[in-house]
Structure formats: structure tokens, C-alpha cells
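Chains as they are written, first to last, in my numbering: chain A, 129 to 260; chain B, 129 to 260; chain C, 129 to 260; chain D, 129 to 260.
Rather than coming from a laboratory, the hints here were simulated on the basis of the structure. Possibly wrong hints are sitting among the right ones.
Pairs count within a copy or across copies, as identical chains cannot be separated in the list.
[Unchecked claim] The calculated BS3-like cross-link candidates involving lysine-lysine, where the alpha carbons are at most 27 Å apart (straight line), are:
1. K259 to K231
2. K235 to K247
3. K132 to K235
4. K247 to K231
5. K235 to K213
6. K217 to K196
7. K259 to K213
8. K247 to K132
9. K217 to K259
10. K196 to K259
11. K196 to K247
12. K132 to K231
Number of protein chains: 4
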Amino acid sequence: MYSKYCFTLQMQVRDYECDIEGIVNNANYLHYLEHTRHQFILKRGLSFASLHHQGIDVVVARVNIAYKNPLRSEDEFVSCLNFRKEGVKYVFEQDIYRLSDNKIVVKAQVDTVCIVDGKLTDCPELLNLLKE
Amino acid sequence: MYSKYCFTLQMQVRDYECDIEGIVNNANYLHYLEHTRHQFILKRGLSFASLHHQGIDVVVARVNIAYKNPLRSEDEFVSCLNFRKEGVKYVFEQDIYRLSDNKIVVKAQVDTVCIVDGKLTDCPELLNLLKE
Amino acid sequence: MYSKYCFTLQMQVRDYECDIEGIVNNANYLHYLEHTRHQFILKRGLSFASLHHQGIDVVVARVNIAYKNPLRSEDEFVSCLNFRKEGVKYVFEQDIYRLSDNKIVVKAQVDTVCIVDGKLTDCPELLNLLKE
Amino acid sequence: MYSKYCFTLQMQVRDYECDIEGIVNNANYLHYLEHTRHQFILKRGLSFASLHHQGIDVVVARVNIAYKNPLRSEDEFVSCLNFRKEGVKYVFEQDIYRLSDNKIVVKAQVDTVCIVDGKLTDCPELLNLLKE
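Just chain A, with the same shape it has in the complex:
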């Protein structure tokens, strides 16, 4: 089921991420997605922090996220990722599944771009990730 993704990360809900309705607050899924992207490129030997120190800022240009089923206190989940280039954008397809029943939690597409000296540019370091 997870074999169609190039990277997966298992995580668990922390209680402070839930709001009054007892479910994870909608903004916190963007934190999960970001942490998954960062762990993915870290595993490939890169880091957004070190790219930043080299003057390359990889920034989020667009997020399109559909909330399908909520996560609650104590839920474990699997955060999955695929990755492709589309013109100047690096596009991350990111899905999260609840571990207990394998139900889809969120389906998201996250478009990122590279900025050097305030200008949109290409980033050979990220491009290399695609070849692996």
C-alpha cells in the first residue's frame, strides 16, 4: 500500500496538536507535511537549513490539501511522499494515512520553488534528488 511512495515516515499525534473539537487542528497537518519533506531530503543527504545558509531558500509556493478523516489524540499515522519537477516547481504529492485502519487522512500537493538573491531559480541540489 505504501510501496507507491518514495518516502514514508511514521508519526504520532501529540495532544497539544488537537483543538477544542478533539481533533488535530487543520494548520498542524502542514507541520506534519513540512517535517516529512525535511526528513525526506535529509535522508538523501540534503537539508533545507544548510541550503538556506548557502543562500538558497526553498519556499512553499502553494498548498492544496483535502481533509478526508480526522486524526485524534494518540493516533499513529504514516506520512507518505512522492516528488517530481514541473517547470520551475518542485512538486510534492503528500498523503497521510491513519495507521489503525489505513484510512486516508489528508491528500495534499505542495509546490515549492527555489529563491536565490530574491530571484526564482533552479536548484541543482534538489534536481539531483530526482535522479536517485
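With chain A's structure known, arrange chains B, C and D on it following the hints.
Below, chains B, C and D alone, put in the same frame as chain A:
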């Protein structure tokens, strides 16, 4: 400029909302958007918290957000909202502008739905807001 | 080194927890401490969420935290906990160590109390944890 | 009542700051306290962000916070601050009051120190604030 929106809210970046790159973290804009929606319906005499206690959960079903220009430490901004019904969904068009230069910061569409007893349903309380 | 604690939890910094100075924001350590307490009592078969649904709210009454060394992006750390009763309070001694060099990160004491129907009370469920 | 403080800031709870128990999560008060300190020194013409860019990091060394009464959804509150020097430390006495009934919410002492090139040092810029 802001007259085309049915609700606007002025806010200011808090330093803890910024990340290593010195700009507001992408997830925190969803917090800004949520707070704006809640303040909007509060001004109309409703509250998501009290709807929740009546058994009506208004939940976010989809967010489509484009990041245009970043906010930084100390920036003030105006968070603007329009509101319409589309089938079973309540659709919020939400734009944020940087106050210093009126540049667009994010453009977002947030689709919400009402859940009662675990089922998608209509919510007359929200519907009434449209008539005002 | 960690054997003097009754519970330890290994975690890793997530980039969104860091602020402009490149270090984990001071408030986020309270999130780490809370998650550690919740995982500790979960391992003992209890949960703050289920206690809440039974009408027992375990709330934080005081936190005294000393920040010794900062955590940064990608740092792994060990969050350690001891637990005792002191009058009506349940006192958690909580220390966090950086994994790379075993340096102390924060030293904290967190006092919690049990509230039932708005009144300070004792909580036999928590008391039982002490006997194990 | 607030005249004994050298700075006050009125704020309002945002729903995403509340957790499952319906009250503001304990860590978020540290966000309120930080934002109050930053607005205070900003009003005096300084900023922690610009000090950071000059190589002066003002970091939190200790927080001692007592939680007296909880804040809930929609609550407005007044965040108050006094400020003194104690040896090498800059000590902020910070109290938060609920606006509806003037009840104390939290009482906190936050000790900060200045770090230049990794070393504890004095910070004439902060010292000047005391003379005003």
C-alpha cells in the same frame, strides 16, 4: 481596496511565528485564516465553539493557498474574507495583504462543511449569515 | 546516565519549532515536556484525554524551567521524567538531554493538580502510578 | 490596577491556542509572554530581531510560571510587564489578567541573558531601557 470584502481584520506578526528563514512559517497562515473566520462569525453573533457544544462541528474540508509574498517579524497585515454557499460547502475566499505596501501575501480558498452526528448536513445558523 | 529516571522518550527537533535565532523557541520545550508526561502515563495504561472524559482534569499549576543549552535543527534529544506526590500536587521532575553530547538542555519541575467539578481533589488513578 | 506595570498589552485568545480541555494550552502562555516582551522593547525603539542581526542574542535563561485561572475561547486578557536588572540577568515580572473579571491568569518571572559570540555579556541597549 478592502471594500470588496465582507470582513477584514488587522493583525501583526508575532516573532514566534517566524522560522529559521526569518519569515512566517507556512502553517501559521492557516492559523491567521482560521482566526479571521472565527472573528467574522463571532461578529455576526455566532461562534464555532458554541456550535460545537450544540453538536454541530464546522470542519475544514479543503484549503487551497497560494503564497505570494512573505510576512516577516513586526509586519502588520490585513486579513480579508468573503463567504458563499456552494452545494453543501461553505466557501471562504480569504486574502491577506501586507499593510506597509498593500502587497498580496496569500490568496486562499477554504471549504468548510457541517457535521452533525458524524454526517454531512446543512447548518441553518451559517446559512443565515449569508442573508445579512 | 538515564537510569535514574522512571521514563525516557527519544525525540527529534522539527524545523518549524525553531525561531529566527535558529534555536528551538522557549515555548516549544513545554510542548516536549507535556508530550513526555502524556506518553509516560499512556505507557502505564492511563490517558489524560480519557481522564478528561471521566470529568477529571489534570492541569498544570506551575512550571519552573531552566534553559541550559539550546536545541537546533535536526538535533535529537532524550526527554526524561521522574514523578512524586507532594501534598495535593503531582510533581514531575523533567530533564532534557541533547543526544549528540549528552549535555543538559533544560531542567524543569512541573506541578500538576487534579480538578473535579471545578474543585481541587485527589486522583486515585494517578496515585496508583506511584505504586508501580 | 494596571498602573503598577511599566507596560501592558491587550490580547485575545485565538481558538487554535486551546486544547482538548477547552482551555489555552500551558505552552501558549509562554508565547503570550514572549510577544509582550517583544512589543515592550519595540515600543522603546529596540527589537530582538535587530539585536540578533547585530550579533546580540537575548535568550531566555529561566521561566517560573504559576497558572492561576485558565483562559478560554474568546477571552480577552491584559498582559502586564515590569523589568529590572539583577546581576547579569534582565528579569521580567509578567502577569496576565482576564479582562472580564480582572482575575489573575498567570504570574511569571522570566530571566533573560545576553549572549555575544557564545559568551554571557552585558547589553548596553537593554540597560538603557531601564533608565527611561
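Quick rundown of the hints versus the structure:
no., hint, verdict
1, K259 to K231, "neither (31 Å within a copy, 38 Å between copies)"
2, K235 to K247, "between (30 Å within a copy, 21 Å between copies)"
3, K132 to K235, "within (14 Å within a copy, 32 Å between copies)"
4, K247 to K231, "between (40 Å within a copy, 17 Å between copies)"
5, K235 to K213, "both (19 Å within a copy, 23 Å between copies)"
6, K217 to K196, "both (26 Å within a copy, 14 Å between copies)"
7, K259 to K213, "within (11 Å within a copy, 45 Å between copies)"
8, K247 to K132, "neither (34 Å within a copy, 32 Å between copies)"
9, K217 to K259, "within (16 Å within a copy, 41 Å between copies)"
10, K196 to K259, "neither (32 Å within a copy, 29 Å between copies)"
11, K196 to K247, "between (36 Å within a copy, 13 Å between copies)"
12, K132 to K231, "within (16 Å within a copy, 40 Å between copies)"
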